[in-house]
Amino acid sequence: MKKSLLHRAIGLGVTAVAALGFVAAPAMPARATTLSGCHSDGKHYEVCFTDPLHDKGTVIEDRLGQLVDSAHDGDTIRLAWYMWTRTPLAKKMVAAKNRGVHVSLVLDDKIKGSAAYDTLHAGKVPITWCTTGHGSCLSTHINHNKFFLFDLGGTKSVVQTSFNDTGVQLKLYNNMVRVVGDTKLYDYYLAYWNRLHDHDWHGWTSDDDRHGAGSLGTKAYVFPRRSGDPVLGVLNNVTDCRSGDSTIYVAESKFTSARASVKHRLAYLHDTLHCTVKVVTQQAADENWVQAPTSDGYNLPDTAVRHLKLHHKFILIDAKYAGHWQRMVFTGSHNLNENSLRHNDEALLRVHDAFVYDQFHRHFLDIYGIAAGA
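Under mature numbering (1 follows the signal peptide of the UniProt record, and there is no 0), the letters of the sequence shown match residues -32 to -1, 1 to 342, in that order.
Everything labelled a hint here was simulated from the structure, so no lab data went into it. Incorrect hints may have been included.
Said to hold, decoys possible - Here are the simulated DSS-like pairs of lysine-lysine, each with C-alpha atoms no more than 30 Å apart in a straight line:
hint, residue 1, residue 2
1, Lys80, Lys65
2, Lys78, Lys92
3, Lys80, Lys277
4, Lys288, Lys78
5, Lys59, Lys24
6, Lys92, Lys11
7, Lys11, Lys65
8, Lys139, Lys288
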């Protein structure tokens, strides 16, 4: 595969939020300031990216630390996280608890024995361990979640990230999205967090219960699922692409043959609807599988698929989606493999916002431009 830089800039235009009937929640200012590597619209959204090539591997850890530091007596911080070994944020959690912040963590038990665990344990931070099966709270594998819920002085926000707080992650590209003032989204995430905390689905007996819409055009999808594939459903909602102007960009840490239907749909959208589809995976082996022809002859060309040391799990759509021309970001902890779909505790967040899309779009072009081809 040949490497080439992309030079075409894509304007964002006007989103279809109003046409779809979404109602904007009141903007809530954050208490903490942003830092280099993070971008805020000053209203509802903040986006951060780590950049290991330019010594910005700790951007997400640092930003989360700022938010924790901004919490006061009576505020609330909840999180669900997979791997956590580093101590800077753990120390801030202990300090927050000691100044009267209600801190409550849901963690995969793989962190036991780490420096972060020792810090949290010594600081008597309340922790619920996911130990069902091999570490999952609600299924049979692991708690792979990576989200925070902040209630700071009545301002509620959801932070969804792809980042695990470990030394290895500082060398990988990751992302974080903060949604501020979307109470419906916050409440849905909180309902999911409570179920993780209690190790009980509490009436969410069907896959139809495992998604919920916010008030800003946001939507959360939680896992595991018994049947079907929400990511395939998302791609099936793409029904048209403008020639040379519609894109579907995918950055996935893991993209395996267990999700062959997703690969097939991407290749179909490229070959039949002429969408501009580009994919960046972490492993060359995944890249080679993604760009191999499907059994019925659809094919993503080698030039459209690359690999890079990333830990992202996001999909960008700029196309006719659910009957409207619109731009969307889907991001979270959810890999394109079997475990994320069927066996892990996971969350995937949809954001329908021009500012957020623009940040992810620019970042994708940056990483695609430096990614290698097998």
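Against the structure, the hints come out as follows:
1. Of the supplied pair hints, the one linking Lys80 and Lys65 holds, its CA atoms being roughly 20 Å apart against a limit of 30 Å.
2. Between Lys78 and Lys92, the direct Cα distance comes to roughly 18 Å. Compliance with the 30 Å bound is thereby established for this hinted pair.
3. Note on Lys80 and Lys277: the hinted pairing holds, with a Cα-Cα distance of about 26 Å set against a maximum of 30 Å.
4. Taking the CA atoms of Lys288 and Lys78, the gap is about 42 Å. The hint is violated against a cut of 30 Å.
5. Our distance criterion of 30 Å between C-alpha atoms is met by Lys59 and Lys24, whose separation comes to about 21 Å.
6. Pair hint Lys92 plus Lys11 does not hold up; C-alpha atoms about 35 Å apart against a cutoff of 30 Å.
7. Restraint check for Lys11 and Lys65: satisfied, since their Cα atoms lie roughly 28 Å apart, inside the 30 Å limit.
8. Note on Lys139 and Lys288: the hinted pairing is violated, with a Cα-Cα distance of about 36 Å set against a maximum of 30 Å.
Hint compliance for this structure: hints 4, 6, 8 are broken, all remaining hints hold.
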